[in-house]
Amino acid sequence: MLSLGSGGGKPVKPSFVSYVTPEEIKSTERETSRKEKHPDLLPGEVVFCSTNPVLKYTQDDVSQRGIFGTLVCTNFRIAFVSDEAPSEEQAQLFKNKLYGENDIPLTCVDHIYGGYDEKKKLITGGLVRNKYPSKIIIHCKDLRVFQFSLTYAKEEEAKKIFQGIIHHSLEPKSLKCIFAFSYCEKATATPEIHRTPRTVMFDTVEDWTQEMKRTKGNCKVVSANENFSLSQKLPQFFIMPTAVLDEDMTKFEGKGLPIWCWSHHSGCALFKTASLPLMQEDGYSQAYKIYMERMLNAVAQTHLYSVKTEELSDTLPTIQDIQQSYSRFKQFFLIDNTTEFWLSDMKWFSSLENSGWLDIIRQCLQKAVEVVECLEKENTNVLIMEEAGSDLCCVISSLVQLMLDPYCRTLAGFQSLVQKEWVAGGHSFLDRCNHVHQKDKEFQSPVFLLFLECVWQLLQQHGPAFQFSETYLTVLSDSVHVPVFGTFLFNSPYHRATVMKNDSPQTQRGPLNCPEVWDWSLQFERKAQDLFTNPLYAEKPKQDKGARRTYRPKHQRQLSLPSSAFKTPPKKGFFKEETDSLKKMLRVKRISRWLHSPDSAQASTREFYEAWQRKPLDYHSLILPCLDGPAMRVWMQRYLRWIHEVQIFGGGAITVMSKLADLVGEVQELRRELERQACRADSNHQRAAASHRSSVRLSSSFPFATSRVWSFKPAIPTSLLQSLMITGGLADQDDEDGETLGVV
Amino acid sequence: MASASIPAYSSNALENSSTKNASRESLKMEPLSDMPLLPGEERVIDKDIIYICPFSGAVKGKVVITNYRLYFRSVEAEPVVTFDVPLGTISRVEKMGGASSRGENSYGLDITCKDMRNLRFALKQEGHSRRDIFDILFRHAFPLSHGLQLFAFLSQEKFEENGWNVYNPMQEFRRQGLPNDSWRITFLNENYELCDTYPALLAVPFKASDEDLRKVATFRSRGRIPVLSWIHPEKQAVITRCSQPLVGMSGKRNRDDERYLDLIREANGGTSKLTIFDARPNVNAVANKATGGGYEGEDYQNAELVFLDIHNIHVMRESLKKLKDIVYPHVEEAHWLSSLESTHWLEHVKLVLAGAIQVADKVSSGQSVLVHCSDGWDRTAQLTSLSMLMLDSFYRTLHGFQVLLQKEWLGFGHKFGSRIGHGDKNHADADRSPIFLQFIDCVWQMTKQFPTAFEFNDRLLLTVLDHLYSCRFGTFLYNCESARDANEVKTKTVSLWSLVNSDRSSYINPFYTMESSRVLYPVASMRHLELWVGYYIRWNPRIRHQSPVEQRYRELLALKDQYLKKLEELQLSGSAPRLSNSTAPSPASPTQRVTHMHTPF
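Line by line, the protein sequences give chains A and B. Take 1 as the starting number for the first sequence in our numbering and just add one per residue. Take 1 as the starting number for the second sequence in our numbering and just add one per residue.
Treat each hint with caution, since some may be false.
[What the hints assert, rightly or not] Derived DSS-like pairs (lysine-lysine); straight-line CA-CA distance at most 27 Å:
(1) K615/A x K321/B
(2) K540/A x K324/B
(3) K347/A x K448/B
(4) K347/A x K322/B
(5) K159/A x K97/A
(6) K347/A x K173/A
(7) K37/A x K160/A
(8) K448/B x K330/A
(9) K330/A x K120/A
(10) K119/A x K159/A
(11) K321/B x K540/A
(12) K97/A x K121/A
(13) K324/B x K347/A
(14) K501/A x K173/A
(15) K159/A x K173/A
(16) K324/B x K527/A
(17) K119/A x K441/A
(18) K321/B x K347/A
Hints in this document: simulated from the structure, not taken from any laboratory.
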C-alpha cells in the first residue's frame, strides 16, 4: 500500500512532454491510502506484477491532467486500472469484451520508449538492469499511444513493473507462452453461434467441393495432403487442375503445384503457386523447369489452352519493403504530443508520399486489376507465383476475387475468403506479426494489413458494393494483435495442427481448440456488431428465374467491352514469356496474343478501367478501383482515431452513416410490420412507432476513442508561422491592388 | 433513334440536362437546332470544327456560338460528346498554329477557361477559316472590352422566385437583434458618401456619433471603417470588420480611431480586450507601412493584435495556377501528393480556416473581435463569413448562405468584377484572384467535415461557382453595391438566387439536421483537408464524382414512404391481407430495389 500525501509526489524535471506537472495535480483530492485494483481477469489470465500509483497522462482531456491508477502486467496484457470509479457515462457502446480502452494486449505492443529526464529512448529489452525511466511510452500496433509516469510509485515497485513489462512484451518467448494457450485451456467453450450464412473454414473436403461448385469450376479436390505428407505448407485439402498427374503432386514438396483459387464464370481460373528459386543451371533446376512446363500445361488445359503466369516478386515490393514502408508510415500517427502533431502537419502530404505506403497499396491493386483483366476480358487462366506462395499471392488472389465475385464482398463471403486464401493458404501469420518477439525481424511484415488496406480502398470507392463496414475492417486489423484467436497465430495449417496436437497429453480434453476471430461475440456485444454492417450495402435483388441467370448479364457486359482481344492483348514486362517448349505445346495462336506487347501494363489496365467505367455501374458485378492519385486515400478511421487533435466533434462521415443506418433500421422495421400485417388477417395490431436512435453527437473517430469531455475548444494549429515559405516577389507586393492609397 | 449518352465531363451548366435526349435525326435538318437556348440568347455563328479532347483525342463536330455560350456537339463519335461553356467562363482565346503549320490539327483555337479547363479546337487550314470564329468569340467572350453588354443584361429569363428579395439588410440586422442598447444602425452611407465600397446600412457602436465615423474614415484605408458584421445572441460579443489603419512609415496615431475601437470593445459589457485579427503575415503588415498602411500599434490600449499569416491575392492566384497544372488535363501521376503539397493550395485553405476558427473561438468565448487585412475585402471577407458559418447555424441553411454571401461578400465590396474579370479581355490582370473560390473551397471542407450541418449540398456550391463566371445572372457583377446600384443591376438582371430558389429541392442536403445553437469547429489539419475533386478535377472522366450515399438515402426514404402508405392502406381496408395486390411491387428485402446507383451529374 502506498500513500501519497501532499508531499508524496517527487518533483520531476519538466520532461519533453508536459501535459501535466505534478504540482498541478491536486493531491489533496486524492485518498491518502489506496488499494491496488486489478482488471477483471479473463480465464487463464495471471497477474505477473502491478504497481500503484502510476500516472497515466490523458491526451484527450482539456483539463490537462493525468489519472492515477494501478499499472498491471499479466500474461495477456498491460492494463491500467484507474483509481477513480468508472462513471456511468463511460459505458461505451463499442466496448471490447476482452480488453478495455486502457489495456494493451502483450502482442499489441509495438515499441516501448523510456523517458529519461529530457530524453526519449527506445527500449530494446535486455539492457534494462537498474536504471528505469521516469516515464514509459508505449506505442501499440493498433496505433494507440500510452504514457505512464512512474515517478509516484516506490522505486522498487517502479523498477519491477518496468522490467516486467519489458520482459513480457519485448523479450522473445515461445509460442506456448502466448495467452491463447492459457485461455483456451481454461475458457469454457462458448457455444458456437451459428450465424447464417456461416464462415467457411476450408478445413474439410466438403468446404472445398462446395466452393468449387459455387464458382462452377472444373478442377479436382485433392486429399493427398490430409496428413501433411505431401507438403507442410499446403492445407490438408486443396484444389488443382484436373490435368495434374498424381505422381507429379509429390515432387518438389508442393512447390510449383498450381493451387486453384477461384474460377471465373467463363471457365478460366486463377491459380497460385510457390515457386522454387532457381539459382544455377543444374540437373535439379532442369528437372524443375520441365516439371513447371507440365504444370503450366495442366493449368492451360483448364480453359481454352491459355495461361498467363506472373512472378509477383518481379514487380511488387518485397515483404521487407512492405515492412519498412509501413514503419515509416505508422510513425505519422503515433503522436506523443500536440506540438509534434502540428509540426508534422505542414509536410503531411510529402511525408505520406515518402513513406511509400500508399504507393505499395496502389501497386497491389494495380496488379490485381491486371489479373482481373486477364480473367474477365481475355478469359485466360492465370497462375501467380512467388517464392513462398503465401504472401503477395494471398494479397493478389484475394483482391482479384473481391473485385470479381460479389459474394466475397458479403460479410460471410469475406471471412470465408480470408480463411481460404490466408489461413488455409498458409500465410505465416506468426512470423509476419512476430507475436513471439523474435529478435530477428526479417520475417516481420504487415502483409495482411496491406491486404486490408487495399480492401479499404475498394470499400471507400465503391461503398454500396460491400456488406461490411470500415469499422469491421478496422476491428479486424486490430484483432490480429489480440492473442486469443487461433486464426492469426500460426504459420500454416500444418503448424497449427502440430502445435495443438502436441499440447494435449496431460489434459483429457483432447486437442486444444482456440476460438476463431470470426466468433465476434467474444469481443463485442450484438449491438456493437451492428456497426460491422455497411448501411450503404444493397442486397442483390432476387430474380424470378433463379440465381443461375444472374450470371448472364455479366457475360454480355464482358462481351461489350472494346473488342481489343486481338488488338491489344499482351503487355510488356508483365506476363512472362513462356519457354519455347511450352509454346510448342500450346496453340501458337493463343500465345501470340500475349507475347509481343506494345503498351505497358498500366496503359492497358487504364483502358480496361475506362471501358468498365463507361458501363452503368452494377455493384453486384465487377468493381474496379480508380488508382489515380486523388483516389488513393489514407484509412482515416484506423489511423486517426486516437489522435485527439483531428477528431471532428459532432462531425465526420459517421454522422451520415449513422443516419443512413437508422433509416435502414426503420425501413426494415416497417417491412417486418407490413409482413406481419399481411400474414395476419386481424389488423388490430398497432404499428410500432418507428424508433429513432437518439441523435447523440458523434465524433469523427466513432466508434473508437470515446471522448469523455465534449470539447468546446477547437484545435488551433500551432506553428503556423514556420509554415509557408513563399518565395519570390509575390508575398512582398502586399498591396492588393498595387494602387497607392488615396487617403492619407 | 440513337440516344446520346453524355460523359460526365461534357455538360457544364448543371441545369441544362435537356440535351441528353437529343436525337441525331434533328441534327441533319439544321445544325444543332435542338440546342438549348435561354430566353434572350441568340445564335451568332456555327461552324464545323474539330474538338481536341484531352481524354479521347480529336472529335469532329459542330460548334455554335451565341451571345451567351459556346456549344459543341460531335457528329460522328459514339458516345456523343457535347459541352456547353458560358462565354463568361472564358478567360483567354488564342490562335494556335498558323496557316503553314504542319501536322494534323495544328491550326485552330486554344481557349483557357476560368473553371479549371482548357478547350482546343482545330480547323481546316484553308482560307482563314478561323478568322470569323475567333473574332466573334473574342468579341462576345469579352463584351466589356468591345463596347457590348454582358449577357445578364440581355437575358429575358423569368423565374418563380425573385432572388433579389433574398437579402434585406434591415431584416438581417433585426434577426441578429439589432439595433439594441449598444449598437445602432446608421444611414450615413446611404448615398455611399462615407465609403463607396461599403453597403448603405451600417451597424456601429451606439456611442459613436456620425461625426466620429467620418473622422475614423479618414484613418482607414478607403474609408472602410470598423462596422459590425455579427453579434453573439447571448454573449453580445461581436465580429467587426474594416480595412487597415493608415499608420504609414511615420507611425501616425489617430485618437478618434483608437477611441472608436474602444467603443467597440465597451459595447460588449465585460471584455477587457478587443482582439484585432490582422489576416496578413506580420511582415506584410509591416511592409504596408511603406505605402501608407500598417497595423494597430501599441497606442491601442485595450487591444491585442494577432496576425493570421494568410497570404495575398497574388500568392493565391499563383497557387491555383499550379494546382491547375497538376490536375488538368491529366492528373499528375508519379508524385501526386508532393505535387499537391507544392501548390500550397490546401495549405492556404488550412490557414484561412485556422484563422476563422480563431475568430469564432474568441467570439464564442465572449470577446469581441475586429478583423481586417489591407483593404478588408478579400481575406477579411473570408474570415468573417467563415467564422459566421461556424457560429451561426442560420448561415448554414440554403437561405442563410445566400444572405451570408450577399452581406459579407457583395455588400462589403469584395471586388467580384476585378477578381473574376467579367467580360474583360485582360486575362493577365494582376487584380484577378480566386479568393472567392478559395472561400467556397473552405465551405466545402466544412460541409465535408460536418455532413449533416448544412442545409445545402455540393451542387449549390458548384452552381455558385459556375455562375460566378457565367455572366448569366447579375449577382456577382461589379465590384460593390454602389456600382451595382449605378448600373441598375437589380432591375435589369436576374439574380442567381432566382434560379436556385425556384428549384430548391435540387440544392438540399438530405442529411441536414438542424441544430440551431451549435458552433462548428472544423479541424484545420492537413490530415482532414482534401482536394475538392468534384470541382477541380470534374472535367476528368476517370474521376467519379457522384456520391452513392445521397442517392441511397433518397431511395430508402422513398421506400419508407411506400411502406408507410401500404401499411395505411392495410389498416384502412381492415382485413385485406394480400400484400401482392397492392400497387407497388412487393420487395423481398428493403434494400433490393436499389441496384443502379449510377447518376451522372
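Next on the checklist: Let me make sure I understand: some of the numbered hints might not hold for this structure. Which ones are they, in numerical order?
Outcome noted: 1, 2, 5, 6, 11, 12, 16
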